[in-house]
Each structure stands twice: as C-alpha cells, then as structure tokens.
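From first to last, the protein sequence lines stand for chains E and Z. Going by the working numbering, the first residue of the first sequence is number 2, and it counts up by one from there. Going by the working numbering, the first residue of the second sequence is number 68, and it counts up by one from there.
Just so you know, the hints here were simulated from the structure itself, not pulled from any lab data. Because the structure is a prediction, the values reported are computed rather than measured. Each residue gets a CB set at the ideal place from its N, CA and C atoms; glycine is no exception.
Cβ pair distances, simulated, as ranges:
id, chain 1, residue 1, chain 2, residue 2, range
1, E, G30, Z, I127, 21 to 27 Å
2, E, A15, Z, T80, 42 to 48 Å
3, E, G30, Z, G109, 19 to 25 Å
4, E, R112, Z, E129, 29 to 35 Å
5, E, P80, Z, T82, 45 to 51 Å
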Amino acid sequence: AQSVAQPEDQVNVAEGNPLTVKCTYSVSGNPYLFWYVQYPNRGLQFLLKYITGDNLVKGSYGFEAEFNKSQTSFHLKKPSALVSDSALYFCAVRDGRWGGYNKLIFGAGTRLAVHP
Amino acid sequence: DSGVTQTPKHLITATGQRVTLRCSPRSGDLSVYWYQQSLDQGLQFLIQYYNGEERAKGNILERFSAQQFPDLHSELNLSSLELGDSALYFCASSAAGLAGGGNEQFFGPGTRLTVL
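Starting from the given sequences, assemble the full structure and let the hints guide the process.
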C-alpha cells in the first residue's frame with residue numbers, strides 16, 4: 002500500500018534562512034513524487050515532481066527537492082525563505098507501476114510559517 | 068489560475084439534501100479527479116475519471132457518485148447529506164491517462180460545502 006508521512010505539522014523559519022519540509026513515503030513499485038502548495042482559500046498548486054533521473058529536482062518559486070531512495074524521502078528545500086512562502090505544503094506519492102490507473106496519496110500537510 | 072474551474076464556490080444546504088458540484092478540466096486534459104479536504108481527514112482522494120470512464124476509486128461513500136460527460140466536464144453528486152460531509156471539495160485534472168501517472172494534477176479553486 003502507498004503512504005506518505007509529513008512528520009512536522011508546522012515548520013517555523015526566519016526570512017532569509019534556508020527551509021526544509023520533510024516527507025517520507027512508502028510504495029511497492031517505483032515512486033512518482035510530488036510537492037504541492039496551498040494558500041488560504043485556494044486550491045493546491047503544483048511545485049515540482051520526481052519521476053526518474055536526477056535526484057535533485059528544481060521547481061517553481063525557487064523550491065527544490067531531493068529524492069533519496071535509500072531513506073525513502075523527498076524533502077522540500079529552499080535556500081532563502083520569503084514571508085510569501087508561508088502556506089500549507091503537501092507531499093504526494095503515486096505507485097509508478099500502475100501509471101494513471103491508481104490514486105495519488107497526499108500527506109497530512111505541513112504548515113510553513115516564515116517570520117520577518 | 069490553473070485552468071480548472073469549479074462551480075459553485077460555496078454551497079450551504081441542510082442534512083438529507085442532495086447537491087451537485089461541477090468541474091471543468093483544463094483544455095485538453097482527459098483525466099478528472101475529485102478530492103475532499105476536511106480538517107480531521109486531510110486531503111482524501113475520492114474518484115478519478117479518464118475520458119468518460121471511471122479509472123480509480125478512493126474513499127468515496129456510497130451516497131456519493133460522479134460522472135464525466137462527453138465534453139469532459141465532471142459532476143460530483145452528494146446525496147443524503149450529513150453534517151460530516153461539510154468540507155472543501157476539489158476537482159483536479161491532468162493529461163494522465165493509461166500510462167501518464169507521472170503527470171502533475173492541476174487543481175480547481177474548490178467548492179466549500181456546508182451542511183447545516
């Protein structure tokens with residue numbers, strides 16, 4: 002069965018400092034991994050994904066994520082946080098064996114608060 | 068703007084009633100997904116349609132049903148509503164189909180359902 006864990010309900014970081022939002026996953030086949038961000042009263046916005054290839058994936062708004070197969074992790078990072086990055090972040094995984102036939106499983110979400 | 072539209076934006080109704088939520092996917096996307104987001108359950112996958120056919124099913128109650136029409140718009144029908152059905156309902160679309168599990172999903176702004 003697929004599962005995603007985001008171990009931190011909230012991450013606090015000062016503006017200008019690096020940020021990390023953690024995600025670990027469990028799938029039987031090769032993972033397709035995604036990060037989404039949700040601003041208040043808005044839908045989820047796609048940030049980046051890992052399907053195959055380079056373990057370091059770069060996405061929107063200066064975010065990047067590193068796929069680590071041995072640790073089954075896909076942590077989201079940004080070198081310098083902005084107050085406008087404050088939002089709810091979701092990690093999601095899909096089992097690559099089934100293509101588009103199976104569901105995308107989302108983590109519980111991590112609230113990122115960037116303080117001026 | 069993701070290109071996915073959902074109507075209505077807000078819906079207030081009473082227990083026992085039936086409502087229909089509507090979603091129009093991005094131009095060219097054949098897959099439509101429905102999600103329920105609530106404080107206690109997080110983001111839950113309900114159901115996926117691809118080009119008019121059901122492709123994957125998640126934690127969708129028997130009181131809920133969905134369909135995708137020939138013009139690719141989709142409707143989610145919720146009946147015999149209960150207080151616990153109050154939530155934000157999202158529609159997403161992607162180009163994902165038979166082998167496109169790596170395609171990201173684009174989310175609509177959601178419909179906030181309140182059951183009184």
